[in-house]
Amino acid sequence: MDLSSVYTEIIMEHNQAKHNKHQLTATTHKERGHNPSCGDDITLALTVEDNIIIDAAYDGMGCAISQASTSMMIDLVKGKTVEEAREKVSTFIRLIKGEVNPDDALEALEDVVVLSNIKNMPARVKCAVLAWHTLDEALNNPSE
Amino acid sequence: METTKDTYRGDFPFFTNNPDLVYLDSAATTQKPTQVLEATLTYNGAQHANIHRGAYELSIEATNKFDAVRSKVKAFIGASLEEEIIFTSGTTESINMIVSSYAGLHLEEGDEIVLSILEHHSNLVPWQQLAIARKLKLSYMYINDLGIIEPDEIEVKIHDGVKIVAITMMSNAIGVKTPIEAIIKRTHQVGGIVVVDGAQAVPHQAIDVVSMDMDFLVFSGHKMMASTGVGVLYGKKALLETMAPYRYGGDMIEYVEEQVTTFAKLPSRLEAGTPNIEGVISLGAAIDYINHIGMDTIHNHEMMLTQYALLKLSELDYVNIIGTTDIQFKGPVISFNIRDVHSHDTAFILDNAHIAIRSGHHCAQPLMHYMKVPSTARISFYIYNNTEDVDQLITHLKEVRRWLGYGS
Ligand SMILES: Cc1ncc(COP(=O)(O)O)c(C=O)c1O
Ligand SMILES: [Zn+2]
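Here the protein sequences come in this chain order: X and V.
Under the working numbering, think of the first position of the first sequence as 1, with each following residue one higher.
Under the working numbering, think of the first position of the second sequence as 1, with each following residue one higher.
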């Protein structure tokens, strides 16, 4: 396997970038997700107003893939409606399952499609999808 | 440092079948030598019959073979009686048996159990759940920065009234040994009994349950070159005799009537149903193999490799070794992290170079939480490893940070 298809520049940038890694002051949705086998453990916080995700951030630890995937997802869904975000989650999961090809997902997922190589790496699939499942859960369970 | 000769690697078909693989995960499970593989093949292919059953010769021979392993295990751990050796499916089942059939029977509300923070989940969760269900007190002995349980901690935590201390001999997560003699001595002083988790120690060092005065000792076959699904529960006879049957069924009975049953004597009373006969036979063959090489030879070889690896790792300034590096306090297990890199990435990058290591929390979440390290990379050795394995590891470790976008 070519490691450069996993540890791409953009994935490494997002792994090290901290712009989405902080606490949110006004939080309407909060969800913790973790991969027991790998040790990825993230908490995703959202501020949803008038059905729009106006802000999102995460906190926690994990491997480069889980961290990058989380950060890229946050960039993607900020400013989108709840339905749009849900749609993107489902497209991403299908991308990682190999049910939709990267070209067809490009419009919905933008640069996140670089993660599509993960579909060939069973050891990393859980890392890539963690944030997305957590987002889905969060949207289903508004705080209070 | 002299490089090792591969005196024993040739005994392991696994390495012939995987010539490029560097296997550094023996703390999870070990590979098997031909001698063990052939023992199960011979039994399955030529001698398979159930035990303690038929009057025909094959069944009697299978029974004899099975019983012979009990005597091998007895000698291997220095027990005094064969009936003190109970075959189980592994460490996990052995511990669950002690928890439900011994502790569950004898402990009362308010009684105290002491564990160490180093425990594997399988020597922690069963006790914790018993404590919740029966309103017992559960306390932990903690470690210092080197991963070691200090004498004071033993004195303070194991006090009058403590009924059971359950403790590993060696941490699977960080490879540090526990002061087992001191813990046993102290527990007996206060009138408690000690359950020793030998999953990581028994495969790598000589054990003598009598001179060490262990009350219970548990271990797994698959970490000492035998099959998965077989393990041992050793207990002093007087303690085993007070245990309730763990499972009811065939083989563990004496007379069964419609409304009542009388149970068999030890060890059968604690071994209901058809056991893992081929597993037990593989365990016997593994013990023969270990005895043939000599436990001292195995121990010296692995500790030499451990020392060598510690030296090589210490030359990389971005490698942080977890726990003591003094091999006097260690088994053949090293846990570490690479600066700024999650262990899953380390393991993944090494896997790509055909180097198998473990990453994550090593089934010891309370320990990781206590040490404030969410995960570690772990390497572990056995008789078939050599210094070349370590050299390959080091070569590829040097690439890890670069893949993740760090300079070096
Ligand atoms: C210290 C320790 N205890 C218990 C166990 C559980 O052993 P098993 O899974 O064979 O039952 C392990 C296995 O990793 C271990 O390392
Ligand atoms: Zn991961």
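Calculated from the structure, these hints are not laboratory results.
All values derive from a computational prediction rather than experimental measurement.
One or more of the hints may lead you astray.
What the hints assert, rightly or not - Below are the DMTMM-like pairs computed for lysine to aspartate or glutamate, each with C-alpha atoms no more than 20 Å apart in a straight line: (1) Lys372/V <-> Asp41/X; (2) Lys398/V <-> Asp2/X; (3) Lys18/X <-> Glu83/V.
Hint by hint, here is what the structure shows:
no.	hint	result
1	Lys372/V <-> Asp41/X	holds (14 Å)
2	Lys398/V <-> Asp2/X	holds (17 Å)
3	Lys18/X <-> Glu83/V	violated (61 Å)
In the structure shown, a violation is registered for the earlier hint numbered 3 alone.
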